[in-house]
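Line by line, the protein sequences give chains D and H.
Position in the first sequence counted from 1, then plus 7, gives you my numbering.
Position in the second sequence counted from 1, then plus 1249, gives you my numbering.
Hints were generated in silico from the structure; no laboratory data involved.
Take these hints with a grain of salt, some might be off.
[What the hints assert, rightly or not] Some chain H residues well away from chain D (every beta-carbon gap over 10 Å; in silico): (1) P1303; (2) N1320; (3) Q1350; (4) K1383; (5) E1390; (6) T1401; (7) S1441; (8) E1444.
[To be verified] Taking beta-carbon pairs under 10 Å as the criterion, some of the chain H residues facing chain D (in silico): (9) G1307; (10) G1367; (11) E1406.
All C-beta atoms, glycine included, are put in the ideal place defined by N, C-alpha and C.
What follows is the residue order along each chain.
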Amino acid sequence: MKYKVDKNGYYGEFGGAFIPELLYPNVEELALNYERIISSEAFQKEYIQLLKDYVGRPTPLYFAKRLSEKYHVPIYLKREDLNHTGAHKINNTIGQILIAKHLGKKRIIAETGAGQHGVATATVCALMNLECVVYMGAVDIERQAPNVARMKMLGATVIPAKSGSQTLKDATNEAIRDWIGNPEDTYYLIGSVVGPHPYPDMVAKLQSVISEEIKAQLLEKTGTEFPTKIIACVGGGSNAAGAFYHFLENENVELIAVEAAGKGVETEETAATSQVGDMGILHGSKTLLMQDEFGQVIEPYSISAGLDYPGVGPLHAHLFQSKRATFLNATDMEALEAALELTRLEGIIPALESAHALAVLSKINFKKDDVVVLNLSGRGDKDLATYQKYLDHE
Amino acid sequence: MNKLNKIFKEKKNRISSLFFTAGFPTLDSTIPILKTLEKNKIDFVEVGMPYSDPMADGETIQNSSKIALENGMNLDILFSQLEKAKNEVSIPMVLMGYLNQVLKYGVDKFCERCKTCGIETVILPDLPIFEYEKFYKEKFEKYGIQNVFLITPQTSEERIRKIDALSETFIYVVASASITGAKSSISEKQISYFERIQKMNLKNPTMIGFGISNKETFDVACEYANGAIIGSAFIKMISNSENYMEEFQDWNFTK
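Kindly produce the complete structure, drawing on both the sequences and the hints.
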């Protein structure tokens, strides 16, 4: 098990729990209990039932015929865009809300960038009748108004993070500060495979339903469980962790992680952490991080708010360093072009995040016997304003 | 002997410590602030290394860090200021910041620079004892740098004992479950927590910090610990006054 977390919460050199003592009891409580809760019969029964009846799983594995013809390789799209609330995020929030309930927590806090995780959290809090507070960068609140409205309609309190650059990393800092101040009744529902151990492993496990389904569906369609390549976009990396999970130990399956290059990895406006970052500590985890020579965190840039994060989860840092995964990237423009291409070829409007994964199809030299699975992590409704602008410009 | 160990040996109570963010309010205010604190008989000072993502800090220290970074403060500049300060003041200094700053600077280089500045103690709140022992203890010890750890109302007795065994300078008793600068008074619940810690008869002296902001809170803290640490309240005073150096003379509740 070279790519799973070890007993101390590390993936190779990455991971751990670099947290102030103030958070220790909370994180320890979770670390000691999450595996037991997740594997319990009661949890599994409720989780699977909700994924089926409420989220709409299993999501289809769709053979994209016209896209395949274009790239001369069979391409299967894992349709996470068809989940309730529009993306893979809800797989995780359903799981964690059940864990929070098992731990007897009364109040849920979360961070959000584009608002997708915030909406997914507000949704499950409404479902479970729990108080919900979402921290969101003041800048993001401005540019993601529809998701803010959704969260409020779902009954969540949205608190603007006004520190730092007022985006996702600052919202995460604010959520951590809230948790420090409310250690007993509050559960911090992190939205990606980031943060102190056990979050990266817990979120990866909850998202692993994606690759579990891919295996069964691919077997049914092609006679083999294993594709030759799996492509997924990486911001913090939760959809990629879920899509890779059951293939991590099978080295015949190439894992392709796609980061947001923003305006280009050679520019200062990028979010391609593996290309411009190095080892550091971010939000309680030792990982790859965009930082200056004095360890100050650099603000990333991407057209996609979901990929606009200055680090990657420690699992992905390990996959990068050990070369288990191939890290590619796509610029804003390439992602926009790829989104339009999928829309016109297959009638599917992808999220801007997922469009980054699509954008590398043109960069890969496929072999004759390749079978590709691409994780279409979310739908593009939330990005229509951006797409509209691009189309008008074109 | 470590300068702080000497202070704790000679003075058993009402030990006063102030925190300020290096580079705030101006890039070169470090030495003037140190001189002011020394003149006013503060026992030791915590020099904050401003960080972009200070997750355990409240608004006041966050803002001071932001301004300090905008002023151009970094570890190279700070160490050169502190090296110069060594010839001008003798008040013991503790460096306080976040682990990533030290890792990126290089633990060896960081410790070497601390040595040349006469700094023997550091506080890195996001370096937990497990990771400290596993990865960094040997290195800090090689340079004779001591790490201070925090305990909180939620820290178990077993863990407090472990932290006590690992510590050699003092234990930082966080007054309540909160970020810095969040509270302004001390509750009954906090008192019973302070009493609990006091009764443990730890081998290390204790300093209470977080929420110590005036004479009243300072006095209460000193009843239950060897001294107290003031951070946000001092930063606020610096922020609100043009003449904070003079005004500080009247801020004599720590004496």
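Here's how the hints hold up against the structure:
no. : hint  : result
1   : P1303 : violated (8 Å)
2   : N1320 : holds (13 Å)
3   : Q1350 : violated (4 Å)
4   : K1383 : violated (8 Å)
5   : E1390 : holds (20 Å)
6   : T1401 : violated (5 Å)
7   : S1441 : holds (16 Å)
8   : E1444 : holds (20 Å)
9   : G1307 : holds (7 Å)
10  : G1367 : violated (22 Å)
11  : E1406 : violated (13 Å)
Hint check: violations occur at hints 1, 3, 4, 6, 10 and 11; the rest are consistent with the structure.
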